[in-house]
Amino acid sequence: MNLTFVVEFSGDEVDDFYLTSNANPGEKLFPVTFERIDATRYNLKINVTLFNRRGQVPNGTYFLVARTGAELHPADFPLGRVAELDERSRAFVYNKNRSAYTVTFGISDDEEAPHFLMRTYSFGRSAGKPSTARARIKSKVRSKWVKTKRKALRGVFAVAARRRPAEGNNVLFASEARPNMQGNLKAVHDRMLERGLDKDFNFGYSFRTGRTSSRQNALNLAWQMGKANTILIDDYFAVLKDLGDRNNQKIVQLWHAGSGFKSVGYSRFGQYGSPNLRNAHRLYSYAICGSQHLRDVYSEAFGIERESVLATGLPRIDGFLRAGRAGEVRVEFEASFPSTQGKRKILLAPTFRGRGSGDAHYDYEEIDFAALYEACGEDSVVLFRQHHFIPDPAPIPAEFSDRLIDVASCPDTNDLLLISDVLITDYSSVIYEYSLLEKPMIFFAYDLETYSATRGMHRAYEEAAPGSIATTFDELISLLREPELSVEKTKEFVRENFDYVDTNNSDRVIDSLILSDPVVDSAPSGPLRYEDLIEQDLEEDPDNDAEEDSSHNPEGDESTADTTEEENNEENEWQTSQ
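Under this note's numbering, the first residue of the sequence shown is numbered 1, with each subsequent residue one higher.
Everything labelled a hint here was simulated from the structure, so no lab data went into it. Zero decoy hints are in this set.
Cut-off 25 angstroms, straight-line C-alpha distance, at most; resulting in silico cross-link-like pairs (DMTMM-like, lysine to aspartate or glutamate): (1) K489 - E463; (2) K250 - D517; (3) K439 - E334; (4) K96 - E176.
Based on the provided sequences and hints, a complete structural model is requested.
The structure is reproduced here in C-alpha coordinates:
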(Lines of atoms letter the chains of each structure in order from A and count residues from 1; the text may use other names and numbers.)
(Lines give C-alpha, C1' and ligand atoms only; values in the text may rest on other atoms or scores of the structure.)
Protein backbone atom coordinates (compact mmCIF):
# COMPACT_ATOMS: atom_id res chain seq x y z
CA MET A 1 0.00 0.00 0.00
CA ASN A 2 2.07 2.84 -1.33
CA LEU A 3 1.99 6.31 0.16
CA THR A 4 3.72 9.08 -1.77
CA PHE A 5 4.76 12.54 -0.59
CA VAL A 6 6.09 15.39 -2.69
CA VAL A 7 8.25 17.58 -0.41
CA GLU A 8 9.56 21.05 -1.14
CA PHE A 9 12.76 22.02 0.67
CA SER A 10 14.78 25.09 -0.25
CA GLY A 11 18.33 25.58 0.87
CA ASP A 12 20.89 22.86 1.50
CA GLU A 13 20.50 19.48 -0.17
CA VAL A 14 18.69 17.04 2.13
CA ASP A 15 20.75 14.12 3.47
CA ASP A 16 17.80 11.91 4.47
CA PHE A 17 14.09 11.86 5.24
CA TYR A 18 12.53 10.08 8.22
CA LEU A 19 9.37 9.50 10.20
CA THR A 20 9.89 10.24 13.90
CA SER A 21 7.52 10.19 16.87
CA ASN A 22 5.94 13.54 17.62
CA ALA A 23 6.15 12.72 21.33
CA ASN A 24 9.96 12.28 21.25
CA PRO A 25 11.23 13.80 17.99
CA GLY A 26 14.61 12.49 16.94
CA GLU A 27 14.78 9.71 19.51
CA LYS A 28 13.99 7.10 16.85
CA LEU A 29 14.10 7.72 13.12
CA PHE A 30 12.42 5.50 10.55
CA PRO A 31 14.15 5.98 7.16
CA VAL A 32 11.95 6.92 4.19
CA THR A 33 12.98 6.15 0.59
CA PHE A 34 13.29 9.26 -1.57
CA GLU A 35 14.60 10.61 -4.86
CA ARG A 36 15.27 14.17 -5.93
CA ILE A 37 12.91 15.67 -8.50
CA ASP A 38 14.62 19.01 -9.02
CA ALA A 39 16.55 21.66 -7.08
CA THR A 40 13.91 22.06 -4.35
CA ARG A 41 11.55 19.08 -4.61
CA TYR A 42 11.81 15.47 -3.47
CA ASN A 43 9.60 12.44 -4.07
CA LEU A 44 9.14 10.20 -1.00
CA LYS A 45 7.53 6.77 -1.07
CA ILE A 46 6.45 4.52 1.80
CA ASN A 47 4.89 1.09 1.49
CA VAL A 48 3.02 1.28 4.79
CA THR A 49 2.75 -2.52 5.08
CA LEU A 50 6.39 -3.14 4.11
CA PHE A 51 8.22 -0.58 6.14
CA ASN A 52 9.90 -1.79 9.31
CA ARG A 53 11.41 -5.30 9.36
CA ARG A 54 8.77 -6.42 6.84
CA GLY A 55 6.06 -5.00 9.03
CA GLN A 56 3.75 -2.03 8.87
CA VAL A 57 4.56 1.47 10.04
CA PRO A 58 4.25 0.91 13.82
CA ASN A 59 1.38 2.37 15.80
CA GLY A 60 2.03 6.00 16.56
CA THR A 61 1.86 9.64 15.54
CA TYR A 62 4.76 10.87 13.45
CA PHE A 63 6.43 13.98 12.12
CA LEU A 64 7.92 13.76 8.63
CA VAL A 65 11.40 15.27 8.95
CA ALA A 66 14.31 16.12 6.67
CA ARG A 67 17.88 15.95 7.92
CA THR A 68 20.62 18.31 6.79
CA GLY A 69 23.82 17.68 8.70
CA ALA A 70 23.02 17.91 12.41
CA GLU A 71 19.59 19.50 11.98
CA LEU A 72 16.11 17.96 11.71
CA HIS A 73 13.45 19.94 9.86
CA PRO A 74 9.80 18.90 10.46
CA ALA A 75 7.47 19.18 7.49
CA ASP A 76 4.60 21.65 7.32
CA PHE A 77 1.48 21.47 5.18
CA PRO A 78 -0.33 24.35 3.44
CA LEU A 79 -2.95 25.38 6.00
CA GLY A 80 -5.38 26.39 3.29
CA ARG A 81 -5.46 22.77 2.07
CA VAL A 82 -5.86 21.00 5.43
CA ALA A 83 -9.32 19.72 4.42
CA GLU A 84 -7.66 17.58 1.76
CA LEU A 85 -5.91 15.49 4.42
CA ASP A 86 -9.11 13.65 5.34
CA GLU A 87 -9.52 12.61 1.71
CA ARG A 88 -6.04 11.10 1.72
CA SER A 89 -6.59 9.05 4.89
CA ARG A 90 -7.23 5.32 4.58
CA ALA A 91 -8.57 2.40 6.62
CA PHE A 92 -7.72 -1.17 5.56
CA VAL A 93 -9.97 -3.92 6.96
CA TYR A 94 -8.62 -7.49 6.96
CA ASN A 95 -8.37 -10.65 9.12
CA LYS A 96 -11.96 -11.67 8.31
CA ASN A 97 -13.09 -8.12 9.14
CA ARG A 98 -11.78 -8.47 12.70
CA SER A 99 -8.87 -6.08 12.23
CA ALA A 100 -8.19 -2.71 10.68
CA TYR A 101 -5.05 -0.73 9.93
CA THR A 102 -5.55 3.01 9.59
CA VAL A 103 -3.36 5.72 8.10
CA THR A 104 -4.59 9.25 8.74
CA PHE A 105 -3.12 12.72 8.39
CA GLY A 106 -3.49 15.98 10.26
CA ILE A 107 -1.78 19.04 11.71
CA SER A 108 -0.22 19.34 15.18
CA ASP A 109 -2.01 21.59 17.67
CA ASP A 110 0.99 23.85 18.18
CA GLU A 111 -0.21 27.31 17.13
CA GLU A 112 3.38 28.54 16.84
CA ALA A 113 4.45 25.69 14.53
CA PRO A 114 1.53 23.56 13.21
CA HIS A 115 3.52 20.72 11.67
CA PHE A 116 2.25 17.92 9.44
CA LEU A 117 1.31 14.69 11.28
CA MET A 118 0.86 11.10 10.13
CA ARG A 119 -0.98 8.67 12.42
CA THR A 120 -0.95 4.89 12.01
CA TYR A 121 -2.88 2.47 14.20
CA SER A 122 -3.91 -1.19 14.19
CA PHE A 123 -7.21 -2.13 15.77
CA GLY A 124 -8.65 -5.57 16.39
CA ARG A 125 -11.52 -7.38 18.00
CA SER A 126 -11.64 -10.97 19.17
CA ALA A 127 -13.47 -13.61 17.21
CA GLY A 128 -15.98 -13.90 20.05
CA LYS A 129 -16.92 -16.90 22.11
CA PRO A 130 -19.19 -19.69 20.84
CA SER A 131 -22.81 -19.21 21.81
CA THR A 132 -23.41 -22.61 23.45
CA ALA A 133 -21.62 -24.40 26.28
CA ARG A 134 -21.02 -27.42 24.06
CA ALA A 135 -19.46 -25.27 21.34
CA ARG A 136 -17.26 -23.51 23.90
CA ILE A 137 -15.96 -26.83 25.23
CA LYS A 138 -15.32 -28.04 21.69
CA SER A 139 -13.48 -24.82 20.89
CA LYS A 140 -11.29 -25.11 24.00
CA VAL A 141 -10.43 -28.72 23.22
CA ARG A 142 -9.55 -27.85 19.66
CA SER A 143 -7.47 -24.88 20.77
CA LYS A 144 -5.57 -27.04 23.26
CA TRP A 145 -4.96 -29.68 20.60
CA VAL A 146 -3.68 -27.09 18.12
CA LYS A 147 -1.32 -25.71 20.79
CA THR A 148 -0.04 -29.20 21.59
CA LYS A 149 0.43 -30.05 17.92
CA ARG A 150 2.29 -26.83 17.16
CA LYS A 151 4.50 -27.28 20.21
CA ALA A 152 5.36 -30.83 19.13
CA LEU A 153 6.22 -29.75 15.58
CA ARG A 154 8.39 -26.90 16.87
CA GLY A 155 10.14 -29.36 19.15
CA VAL A 156 10.93 -31.71 16.27
CA PHE A 157 12.12 -28.76 14.19
CA ALA A 158 14.40 -27.59 17.00
CA VAL A 159 15.97 -31.04 17.47
CA ALA A 160 16.60 -31.37 13.73
CA ALA A 161 17.97 -27.81 13.55
CA ARG A 162 20.67 -28.70 16.08
CA ARG A 163 21.90 -31.30 13.62
CA ARG A 164 21.87 -28.91 10.69
CA PRO A 165 25.41 -28.15 9.51
CA ALA A 166 26.11 -24.42 9.48
CA GLU A 167 27.57 -24.53 5.97
CA GLY A 168 25.74 -27.66 4.85
CA ASN A 169 24.11 -28.61 1.57
CA ASN A 170 20.78 -29.99 2.70
CA VAL A 171 18.07 -28.95 0.23
CA LEU A 172 14.37 -29.55 0.90
CA PHE A 173 11.80 -29.57 -1.94
CA ALA A 174 8.37 -29.06 -0.40
CA SER A 175 4.76 -28.16 -1.15
CA GLU A 176 1.63 -28.04 0.98
CA ALA A 177 -0.62 -27.75 -2.10
CA ARG A 178 0.50 -30.66 -4.32
CA PRO A 179 0.81 -34.41 -3.72
CA ASN A 180 4.01 -34.73 -5.74
CA MET A 181 6.77 -32.68 -7.34
CA GLN A 182 5.55 -30.50 -10.19
CA GLY A 183 6.21 -27.25 -12.02
CA ASN A 184 9.13 -25.08 -10.98
CA LEU A 185 10.25 -27.40 -8.20
CA LYS A 186 10.45 -30.38 -10.55
CA ALA A 187 12.30 -28.35 -13.19
CA VAL A 188 14.95 -27.22 -10.69
CA HIS A 189 15.25 -30.68 -9.14
CA ASP A 190 15.60 -32.47 -12.47
CA ARG A 191 18.13 -29.95 -13.72
CA MET A 192 20.23 -30.39 -10.57
CA LEU A 193 20.23 -34.15 -11.26
CA GLU A 194 21.26 -33.55 -14.87
CA ARG A 195 24.17 -31.43 -13.66
CA GLY A 196 25.21 -34.09 -11.15
CA LEU A 197 24.60 -31.81 -8.19
CA ASP A 198 22.99 -34.63 -6.21
CA LYS A 199 26.60 -35.62 -5.41
CA ASP A 200 27.12 -32.26 -3.69
CA PHE A 201 23.68 -31.82 -2.10
CA ASN A 202 21.46 -33.95 0.11
CA PHE A 203 17.86 -33.80 -1.12
CA GLY A 204 14.81 -33.97 1.12
CA TYR A 205 11.16 -34.11 0.04
CA SER A 206 7.76 -33.31 1.51
CA PHE A 207 4.61 -33.07 -0.62
CA ARG A 208 1.21 -32.87 1.06
CA THR A 209 -2.27 -31.55 0.45
CA GLY A 210 -5.25 -31.13 2.75
CA ARG A 211 -6.41 -34.61 1.77
CA THR A 212 -3.05 -36.34 2.25
CA SER A 213 -1.79 -34.57 5.39
CA SER A 214 -1.38 -36.73 8.49
CA ARG A 215 0.31 -36.65 11.87
CA GLN A 216 3.14 -38.79 10.56
CA ASN A 217 3.98 -36.71 7.51
CA ALA A 218 3.61 -33.51 9.56
CA LEU A 219 6.35 -34.72 11.91
CA ASN A 220 8.45 -35.72 8.90
CA LEU A 221 8.00 -32.24 7.43
CA ALA A 222 9.11 -30.60 10.68
CA TRP A 223 12.20 -32.86 10.75
CA GLN A 224 13.06 -32.18 7.10
CA MET A 225 12.63 -28.43 7.55
CA GLY A 226 14.82 -28.41 10.64
CA LYS A 227 17.67 -30.16 8.81
CA ALA A 228 17.47 -28.08 5.65
CA ASN A 229 19.93 -25.33 4.82
CA THR A 230 17.85 -24.37 1.78
CA ILE A 231 14.06 -24.76 1.53
CA LEU A 232 12.48 -24.55 -1.93
CA ILE A 233 8.70 -24.09 -2.13
CA ASP A 234 6.31 -23.20 -4.95
CA ASP A 235 3.04 -22.14 -3.31
CA TYR A 236 1.69 -20.65 -0.10
CA PHE A 237 3.45 -22.50 2.72
CA ALA A 238 1.54 -21.84 5.93
CA VAL A 239 3.81 -23.96 8.15
CA LEU A 240 6.50 -21.28 7.85
CA LYS A 241 4.61 -19.41 10.56
CA ASP A 242 5.73 -22.13 13.00
CA LEU A 243 8.70 -23.76 11.27
CA GLY A 244 11.54 -22.11 9.42
CA ASP A 245 14.29 -19.70 10.39
CA ARG A 246 15.01 -16.98 7.82
CA ASN A 247 18.06 -15.87 9.81
CA ASN A 248 19.80 -19.25 9.47
CA GLN A 249 18.07 -20.89 6.51
CA LYS A 250 17.60 -19.87 2.90
CA ILE A 251 13.86 -20.00 2.10
CA VAL A 252 13.21 -19.58 -1.63
CA GLN A 253 9.72 -19.12 -3.10
CA LEU A 254 9.57 -20.49 -6.66
CA TRP A 255 6.00 -19.28 -7.12
CA HIS A 256 4.04 -21.71 -9.31
CA ALA A 257 2.24 -19.13 -11.44
CA GLY A 258 3.33 -16.33 -13.69
CA SER A 259 1.82 -12.88 -13.60
CA GLY A 260 -1.96 -12.97 -13.99
CA PHE A 261 -4.50 -10.21 -13.54
CA LYS A 262 -5.98 -10.74 -10.11
CA SER A 263 -4.46 -9.40 -6.94
CA VAL A 264 -3.02 -11.98 -4.56
CA GLY A 265 -1.35 -11.88 -1.14
CA TYR A 266 -0.68 -8.38 0.16
CA SER A 267 -1.90 -6.92 -3.12
CA ARG A 268 -5.32 -7.61 -1.57
CA PHE A 269 -4.63 -5.82 1.70
CA GLY A 270 -7.87 -4.30 2.88
CA GLN A 271 -10.02 -6.61 0.72
CA TYR A 272 -11.41 -10.10 1.17
CA GLY A 273 -8.64 -12.69 1.28
CA SER A 274 -6.04 -10.24 2.60
CA PRO A 275 -3.38 -11.84 4.79
CA ASN A 276 -2.71 -10.62 8.30
CA LEU A 277 0.09 -8.16 8.91
CA ARG A 278 2.11 -11.19 10.03
CA ASN A 279 2.07 -13.93 7.40
CA ALA A 280 4.16 -16.80 6.03
CA HIS A 281 4.78 -14.85 2.80
CA ARG A 282 6.99 -12.44 4.75
CA LEU A 283 9.42 -15.18 5.77
CA TYR A 284 10.91 -15.78 2.31
CA SER A 285 14.59 -15.09 1.91
CA TYR A 286 14.09 -14.74 -1.84
CA ALA A 287 11.44 -15.14 -4.51
CA ILE A 288 11.70 -15.37 -8.29
CA CYS A 289 9.82 -13.81 -11.19
CA GLY A 290 10.05 -13.52 -14.96
CA SER A 291 11.20 -9.94 -15.51
CA GLN A 292 12.44 -6.76 -13.88
CA HIS A 293 8.99 -5.31 -14.50
CA LEU A 294 7.43 -7.97 -12.24
CA ARG A 295 9.75 -7.50 -9.28
CA ASP A 296 7.50 -4.77 -7.87
CA VAL A 297 4.40 -6.92 -8.40
CA TYR A 298 5.86 -9.89 -6.50
CA SER A 299 7.37 -7.67 -3.81
CA GLU A 300 3.93 -6.22 -3.14
CA ALA A 301 2.16 -9.59 -3.20
CA PHE A 302 4.56 -11.27 -0.79
CA GLY A 303 5.23 -8.29 1.46
CA ILE A 304 9.00 -8.49 0.99
CA GLU A 305 11.61 -6.07 -0.34
CA ARG A 306 11.99 -5.62 -4.08
CA GLU A 307 15.65 -6.50 -3.62
CA SER A 308 14.65 -9.98 -2.45
CA VAL A 309 12.83 -10.73 -5.72
CA LEU A 310 15.10 -11.95 -8.52
CA ALA A 311 14.16 -11.91 -12.20
CA THR A 312 15.56 -15.36 -13.06
CA GLY A 313 12.62 -16.50 -15.19
CA LEU A 314 10.38 -19.45 -14.30
CA PRO A 315 12.13 -22.86 -14.40
CA ARG A 316 9.15 -24.76 -15.77
CA ILE A 317 9.42 -22.70 -18.97
CA ASP A 318 12.52 -24.73 -19.83
CA GLY A 319 10.57 -27.89 -20.58
CA PHE A 320 7.75 -25.92 -22.13
CA LEU A 321 10.05 -24.40 -24.75
CA ARG A 322 12.20 -27.46 -25.34
CA ALA A 323 12.53 -28.15 -29.06
CA GLY A 324 10.26 -30.98 -30.17
CA ARG A 325 8.17 -31.03 -26.99
CA ALA A 326 4.97 -29.82 -28.68
CA GLY A 327 5.12 -32.60 -31.27
CA GLU A 328 5.61 -35.26 -28.61
CA VAL A 329 2.66 -33.98 -26.59
CA ARG A 330 0.40 -33.80 -29.65
CA VAL A 331 1.02 -37.46 -30.54
CA GLU A 332 0.28 -38.59 -26.97
CA PHE A 333 -2.79 -36.40 -26.67
CA GLU A 334 -4.41 -37.43 -29.96
CA ALA A 335 -3.80 -41.07 -29.09
CA SER A 336 -5.79 -40.52 -25.88
CA PHE A 337 -8.44 -38.35 -27.56
CA PRO A 338 -8.69 -39.61 -31.17
CA SER A 339 -11.70 -37.40 -31.98
CA THR A 340 -9.38 -34.37 -31.79
CA GLN A 341 -6.93 -35.61 -34.42
CA GLY A 342 -6.30 -33.09 -37.20
CA LYS A 343 -8.73 -30.53 -35.76
CA ARG A 344 -8.32 -27.01 -34.44
CA LYS A 345 -8.04 -27.31 -30.67
CA ILE A 346 -9.61 -24.55 -28.58
CA LEU A 347 -8.63 -24.76 -24.90
CA LEU A 348 -11.12 -23.33 -22.40
CA ALA A 349 -9.12 -22.85 -19.17
CA PRO A 350 -10.73 -20.29 -16.85
CA THR A 351 -9.89 -19.64 -13.22
CA PHE A 352 -12.33 -20.50 -10.42
CA ARG A 353 -15.01 -18.34 -8.81
CA GLY A 354 -15.50 -18.35 -5.06
CA ARG A 355 -13.32 -17.63 -2.05
CA GLY A 356 -11.00 -20.63 -2.28
CA SER A 357 -10.77 -24.39 -2.62
CA GLY A 358 -13.71 -24.92 -0.27
CA ASP A 359 -16.33 -23.21 -2.45
CA ALA A 360 -14.56 -23.02 -5.82
CA HIS A 361 -16.83 -23.24 -8.86
CA TYR A 362 -17.29 -21.97 -12.40
CA ASP A 363 -20.55 -20.50 -13.74
CA TYR A 364 -21.24 -22.96 -16.57
CA GLU A 365 -24.72 -21.50 -16.97
CA GLU A 366 -22.92 -18.70 -18.85
CA ILE A 367 -22.09 -21.21 -21.61
CA ASP A 368 -24.60 -22.29 -24.22
CA PHE A 369 -23.21 -25.75 -24.97
CA ALA A 370 -25.43 -26.23 -28.02
CA ALA A 371 -24.31 -22.91 -29.56
CA LEU A 372 -20.67 -23.67 -28.78
CA TYR A 373 -21.01 -27.10 -30.38
CA GLU A 374 -22.50 -25.54 -33.48
CA ALA A 375 -19.73 -22.91 -33.65
CA CYS A 376 -17.08 -25.64 -33.67
CA GLY A 377 -18.30 -27.08 -36.92
CA GLU A 378 -16.56 -30.15 -38.29
CA ASP A 379 -13.02 -28.81 -37.96
CA SER A 380 -12.77 -27.68 -34.30
CA VAL A 381 -13.04 -29.08 -30.78
CA VAL A 382 -13.19 -27.29 -27.41
CA LEU A 383 -11.13 -28.77 -24.59
CA PHE A 384 -12.52 -28.00 -21.11
CA ARG A 385 -9.82 -27.63 -18.45
CA GLN A 386 -11.08 -26.57 -15.02
CA HIS A 387 -9.04 -25.03 -12.23
CA HIS A 388 -7.61 -27.69 -9.93
CA PHE A 389 -9.70 -26.33 -7.04
CA ILE A 390 -12.85 -27.60 -8.82
CA PRO A 391 -13.18 -31.40 -8.44
CA ASP A 392 -16.36 -31.93 -10.49
CA PRO A 393 -16.15 -32.42 -14.28
CA ALA A 394 -17.50 -29.82 -16.68
CA PRO A 395 -21.27 -30.48 -17.21
CA ILE A 396 -20.98 -31.23 -20.94
CA PRO A 397 -24.15 -32.82 -22.33
CA ALA A 398 -23.44 -36.30 -23.67
CA GLU A 399 -24.73 -35.48 -27.16
CA PHE A 400 -22.00 -32.86 -27.59
CA SER A 401 -19.06 -34.91 -26.28
CA ASP A 402 -17.47 -35.50 -29.70
CA ARG A 403 -16.63 -31.78 -30.03
CA LEU A 404 -16.78 -30.54 -26.43
CA ILE A 405 -14.28 -32.61 -24.45
CA ASP A 406 -13.35 -32.62 -20.76
CA VAL A 407 -9.56 -32.96 -20.42
CA ALA A 408 -9.32 -32.95 -16.62
CA SER A 409 -7.54 -36.32 -16.84
CA CYS A 410 -4.50 -34.74 -18.51
CA PRO A 411 -1.76 -34.37 -15.87
CA ASP A 412 -0.15 -31.13 -17.09
CA THR A 413 -1.94 -27.95 -18.16
CA ASN A 414 1.21 -26.77 -19.93
CA ASP A 415 1.00 -29.77 -22.27
CA LEU A 416 -2.52 -28.73 -23.19
CA LEU A 417 -1.28 -25.22 -23.93
CA LEU A 418 1.34 -26.61 -26.30
CA ILE A 419 -1.18 -28.47 -28.48
CA SER A 420 -3.91 -25.79 -28.45
CA ASP A 421 -4.48 -23.42 -31.36
CA VAL A 422 -6.61 -20.91 -29.42
CA LEU A 423 -6.87 -20.26 -25.66
CA ILE A 424 -10.09 -19.08 -24.00
CA THR A 425 -9.51 -17.91 -20.43
CA ASP A 426 -10.48 -15.03 -18.16
CA TYR A 427 -8.24 -13.98 -15.26
CA SER A 428 -5.97 -17.02 -15.11
CA SER A 429 -2.18 -16.96 -15.13
CA VAL A 430 -2.08 -19.61 -17.88
CA ILE A 431 -1.68 -16.65 -20.24
CA TYR A 432 1.89 -16.40 -18.98
CA GLU A 433 3.17 -19.54 -20.72
CA TYR A 434 0.71 -19.41 -23.58
CA SER A 435 1.90 -15.97 -24.62
CA LEU A 436 5.31 -17.47 -25.46
CA LEU A 437 3.68 -19.50 -28.24
CA GLU A 438 2.35 -16.28 -29.84
CA LYS A 439 -1.01 -17.89 -30.55
CA PRO A 440 -4.34 -16.07 -30.24
CA MET A 441 -6.14 -15.69 -26.90
CA ILE A 442 -9.76 -14.81 -26.16
CA PHE A 443 -10.75 -13.48 -22.75
CA PHE A 444 -14.30 -14.51 -21.81
CA ALA A 445 -14.93 -12.09 -18.92
CA TYR A 446 -18.70 -12.25 -18.46
CA ASP A 447 -18.36 -10.99 -14.86
CA LEU A 448 -15.64 -8.40 -15.40
CA GLU A 449 -17.16 -5.60 -13.32
CA THR A 450 -18.00 -7.86 -10.37
CA TYR A 451 -14.67 -9.69 -10.46
CA SER A 452 -12.65 -6.47 -10.71
CA ALA A 453 -14.53 -4.90 -7.81
CA THR A 454 -14.37 -7.89 -5.47
CA ARG A 455 -11.00 -9.43 -6.33
CA GLY A 456 -8.96 -6.43 -7.39
CA MET A 457 -6.52 -6.25 -10.29
CA HIS A 458 -3.01 -4.94 -10.78
CA ARG A 459 -4.05 -2.79 -13.74
CA ALA A 460 -7.01 -2.17 -16.03
CA TYR A 461 -8.17 -5.43 -17.60
CA GLU A 462 -8.77 -3.93 -21.02
CA GLU A 463 -5.22 -2.60 -21.01
CA ALA A 464 -3.50 -5.75 -19.69
CA ALA A 465 -5.34 -8.60 -21.48
CA PRO A 466 -3.11 -9.79 -24.35
CA GLY A 467 -5.97 -10.67 -26.67
CA SER A 468 -9.59 -10.05 -27.63
CA ILE A 469 -12.15 -9.58 -24.83
CA ALA A 470 -15.70 -10.97 -24.85
CA THR A 471 -18.02 -9.93 -22.05
CA THR A 472 -21.01 -11.91 -23.41
CA PHE A 473 -21.31 -15.41 -24.77
CA ASP A 474 -22.50 -14.08 -28.15
CA GLU A 475 -19.31 -12.01 -28.41
CA LEU A 476 -17.29 -15.13 -27.61
CA ILE A 477 -18.96 -17.08 -30.44
CA SER A 478 -18.36 -14.21 -32.85
CA LEU A 479 -14.66 -14.15 -32.02
CA LEU A 480 -14.35 -17.93 -32.46
CA ARG A 481 -15.81 -17.58 -35.96
CA GLU A 482 -13.32 -14.93 -37.03
CA PRO A 483 -10.89 -16.29 -39.65
CA GLU A 484 -7.87 -14.80 -37.90
CA LEU A 485 -7.28 -13.31 -34.44
CA SER A 486 -4.55 -10.74 -33.77
CA VAL A 487 -1.50 -11.63 -31.65
CA GLU A 488 0.04 -8.14 -31.47
CA LYS A 489 -0.97 -7.62 -27.82
CA THR A 490 0.48 -11.04 -27.04
CA LYS A 491 3.88 -10.02 -28.37
CA GLU A 492 3.81 -6.87 -26.23
CA PHE A 493 2.89 -8.97 -23.20
CA VAL A 494 5.94 -11.19 -23.78
CA ARG A 495 8.26 -8.20 -24.04
CA GLU A 496 6.94 -6.87 -20.73
CA ASN A 497 6.91 -10.09 -18.71
CA PHE A 498 9.91 -12.08 -19.95
CA ASP A 499 13.48 -10.92 -19.68
CA TYR A 500 14.53 -14.35 -20.98
CA VAL A 501 12.77 -16.45 -23.59
CA ASP A 502 15.06 -19.46 -23.41
CA THR A 503 15.54 -22.80 -21.65
CA ASN A 504 18.07 -21.66 -19.04
CA ASN A 505 15.69 -20.52 -16.29
CA SER A 506 16.43 -23.49 -14.01
CA ASP A 507 20.16 -22.89 -14.34
CA ARG A 508 19.75 -19.24 -13.34
CA VAL A 509 17.80 -20.27 -10.22
CA ILE A 510 20.38 -22.93 -9.32
CA ASP A 511 23.39 -20.70 -9.92
CA SER A 512 22.08 -17.57 -8.20
CA LEU A 513 20.00 -19.01 -5.35
CA ILE A 514 21.30 -22.49 -4.54
CA LEU A 515 24.98 -22.47 -5.42
CA SER A 516 25.41 -18.90 -4.17
CA ASP A 517 23.69 -16.10 -2.28
CA PRO A 518 22.51 -13.03 -4.21
CA VAL A 519 24.02 -9.72 -3.25
CA VAL A 520 21.08 -7.43 -2.50
CA ASP A 521 20.63 -4.14 -0.69
CA SER A 522 18.01 -4.93 1.93
CA ALA A 523 15.70 -2.41 3.53
CA PRO A 524 16.67 -1.00 6.96
CA SER A 525 16.13 -3.56 9.71
CA GLY A 526 14.68 -1.15 12.24
CA PRO A 527 14.54 2.43 13.49
CA LEU A 528 17.74 4.44 13.82
CA ARG A 529 18.72 6.90 16.54
CA TYR A 530 19.43 10.47 15.63
CA GLU A 531 22.37 10.55 18.02
CA ASP A 532 23.92 7.61 16.14
CA LEU A 533 23.61 9.41 12.81
CA ILE A 534 25.37 12.45 14.23
CA GLU A 535 28.07 10.23 15.74
CA GLN A 536 28.58 8.65 12.32
CA ASP A 537 28.84 12.06 10.69
CA LEU A 538 31.47 13.04 13.26
CA GLU A 539 33.33 9.77 12.78
CA GLU A 540 33.61 10.49 9.08
CA ASP A 541 35.26 13.82 9.95
CA PRO A 542 39.05 13.16 10.10
CA ASP A 543 39.43 15.93 12.70
CA ASN A 544 37.11 14.21 15.17
CA ASP A 545 38.01 11.33 17.47
CA ALA A 546 34.51 10.42 18.66
CA GLU A 547 33.92 6.73 19.28
CA GLU A 548 31.49 4.93 17.04
CA ASP A 549 28.22 3.94 18.68
CA SER A 550 26.06 1.04 17.53
CA SER A 551 22.63 1.78 16.13
CA HIS A 552 19.49 0.65 17.87
CA ASN A 553 17.96 -2.40 16.24
CA PRO A 554 15.06 -3.82 18.28
CA GLU A 555 14.07 -7.37 17.57
CA GLY A 556 10.90 -8.04 15.57
CA ASP A 557 8.35 -10.79 15.63
CA GLU A 558 7.58 -12.26 12.20
CA SER A 559 6.21 -15.55 13.35
CA THR A 560 2.63 -16.42 12.51
CA ALA A 561 -0.51 -15.98 10.45
CA ASP A 562 -3.97 -16.93 11.62
CA THR A 563 -5.48 -20.39 11.20
CA THR A 564 -7.56 -20.64 14.38
CA GLU A 565 -9.73 -18.41 16.55
CA GLU A 566 -6.96 -18.33 19.12
CA GLU A 567 -4.44 -17.17 16.53
CA ASN A 568 -6.81 -14.44 15.36
CA ASN A 569 -6.96 -13.16 18.92
CA GLU A 570 -3.17 -13.39 19.21
CA GLU A 571 -2.91 -11.33 16.02
CA ASN A 572 -5.14 -8.63 17.49
CA GLU A 573 -3.15 -8.55 20.73
CA TRP A 574 0.07 -8.22 18.73
CA GLN A 575 -1.34 -5.36 16.68
CA THR A 576 -2.41 -3.53 19.84
CA SER A 577 1.04 -4.03 21.37
CA GLN A 578 2.62 -2.41 18.33
